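Start from the sequences and build out the full structure, keeping to the hints where you can.
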Amino acid sequence: MNDRFLKACLRQPVDRTPVWFMRQAGRYMEEYQAIRRKHSILEVCKTPALAAEVTLQPINRFDLDAAIIFADILLPLQAMGLNLEFIEGKGPVIDNPIRGEMGIVDLRPVDGEAFAYAGEAIRQTLQALDNRVPLLGFAGAPFTLASYAIEGGSSRDYARTKNLMFSQPTVWHQLMSKLSVVVVEYLRVQSRAGAQAIQLFDSWVGCLSPGDYEEYVLPHVQNIFSALRVEGIPLIYFGTGTTGLLPLMRKAGSDVMGVDWRVRLDEAWGTIGFDVSIQGNLDPLVLFAPEKEIERRVKDIMLQAGGRPGHIFNLGHGILPNTPLHSVEFAIECVRRYSTASSRE
Numbered sequence: 001m002n003d004r005f006l007k008a009c010l011r012q013p014v015d016r017t018p019v020w021f022m023r024q025a026g027r028y029m030e031e032y033q034a035i036r037r038k039h040s041i042l043e044v045c046k047t048p049a050l051a052a053e054v055t056l057q058p059i060n061r062f063d064l065d066a067a068i069i070f071a072d073i074l075l076p077l078q079a080m081g082l083n084l085e086f087i088e089g090k091g092p093v094i095d096n097p098i099r100g101e102m103g104i105v106d107l108r109p110v111d112g113e114a115f116a117y118a119g120e121a122i123r124q125t126l127q128a129l130d131n132r133v134p135l136l137g138f139a140g141a142p143f144t145l146a147s148y149a150i151e152g153g154s155s156r157d158y159a160r161t162k163n164l165m166f167s168q169p170t171v172w173h174q175l176m177s178k179l180s181v182v183v184v185e186y187l188r189v190q191s192r193a194g195a196q197a198i199q200l201f202d203s204w205v206g207c208l209s210p211g212d213y214e215e216y217v218l219p220h221v222q223n224i225f226s227a228l229r230v231e232g233i234p235l236i237y238f239g240t241g242t243t244g245l246l247p248l249m250r251k252a253g254s255d256v257m258g259v260d261w262r263v264r265l266d267e268a269w270g271t272i273g274f275d276v277s278i279q280g281n282l283d284p285l286v287l288f289a290p291e292k293e294i295e296r297r298v299k300d301i302m303l304q305a306g307g308r309p310g311h312i313f314n315l316g317h318g319i320l321p322n323t324p325l326h327s328v329e330f331a332i333e334c335v336r337r338y339s340t341a342s343s344r345e
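Letter by letter, the sequence shown follows residues 1 to 345 of the UniProt record's numbering.
Calculated directly from the structure, the hints in this document are not laboratory data.
One or more of the hints may lead you astray.
What the hints assert, rightly or not - BS3-like mimics (lysine-lysine), calculated; alpha carbons at most 30 Å apart, straight line:
| no. | residue 1 | residue 2 |
| --- | --- | --- |
| 1 | Lys162 | Lys90 |
| 2 | Lys90 | Lys38 |
| 3 | Lys162 | Lys251 |
Said to hold, decoys possible - Pairwise CB distance ranges, derived in the manner of DEER restraints:
| no. | residue 1 | residue 2 | range |
| --- | --- | --- | --- |
| 4 | Thr170 | Pro13 | 43 to 51 Å |
| 5 | Glu43 | His173 | 31 to 39 Å |
| 6 | Asp63 | Asp283 | 15 to 23 Å |
| 7 | Pro109 | Glu43 | 21 to 29 Å |
| 8 | Glu267 | Glu214 | 18 to 26 Å |
| 9 | Pro290 | Leu42 | 35 to 43 Å |
Model, not experiment: these values are computed from the prediction.
Think of the CB as a built atom: it goes at the ideal place given N, C-alpha and C, for glycine as much as any other residue.
Here's what the structure looks like:
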């Protein structure tokens, strides 16, 4: 197997910097669009053969060092009894959002059986991958799941979420604990089906102050990583807008910290410490720029990494729709061009 990605997760020497992209299977690819013309997002996520096919699409097209299973971070909320839909032009919508303590009490307990489709998707994908590259599983982190569950969808200010957090902290922690238990169940299914690494997406936690993150979020993320540690696979923690939270997020207990483009990679790594791997951090919109600019930005990130063991090249968030395929391929070529073997501490 090409195990550069797994080695980099554990800060082991590699012959060149591994690269994969968040949301690398998705709307920018015609192959994906062809499937989506026939099936909804939820149908693809819950049909193992389709999820496996979509997961493989970027691996078959690009020289990537890891695959990530096609799924959605909100699937655990649906299993807990929230009505999830994906509406064109609006994204995910929950028509029975949590509005207080009773909404939390009504959330269904969920065990691994509810996610049998995810385990089967992992198994089918691994069979099709045939040891070409490692396969990541993933889930949404409790705060990010809570924000969708409470807001009923995406939000700019997370007003309802923060109101519950600030005004009813006991109720808030009850919700976060329930979500954490389900996230662990979901990720255990993926790990035990064969996923070789796990990424926890805390996409929107950057809206919090360091003090609020430490009080209302960090203990629950620590519980998740602690529970998953026995799985014996690398754990990645990622969020956007988290420059001010990075030292605290490091305390959550992951092997790899993902960072976005709002902070220099070398500064972020220095902040969290070079005893942990780092993933990132090209702005996804750079992939719409001319090749000369893409090359300049990739080279700069590689120089910031400095050849240290433990750098995984990625975007600072997911690939955007309409991203040119040739730009994705060119960015990967640039990573290869400016990559050097990592062997020194």
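Now the hints, each set against the structure:
1. Lys162 x Lys90: Within the cut-off at roughly 22 Å; holds.
2. Lys90 x Lys38: It holds: about 20 Å lies between the C-alpha atoms, which stays within 30 Å.
3. Lys162 x Lys251: holds (22 Å)
4. Thr170 x Pro13: 43 to 51 Å: Distance hint for Thr170, Pro13 holds at roughly 48 Å.
5. Glu43 x His173: 31 to 39 Å: Holds - the Cβ-Cβ distance for Glu43 and His173, about 35 Å, lies within 31 to 39 Å.
6. Asp63 x Asp283: 15 to 23 Å: holds (21 Å)
7. Pro109 x Glu43: 21 to 29 Å: holds (26 Å)
8. Glu267 x Glu214: 18 to 26 Å: Once the Cβ atoms are compared, 21 Å apart, the range 18 to 26 Å for Glu214 and Glu267 holds.
9. Pro290 x Leu42: 35 to 43 Å: holds (38 Å)
The structure meets every hint from the earlier list without exception.
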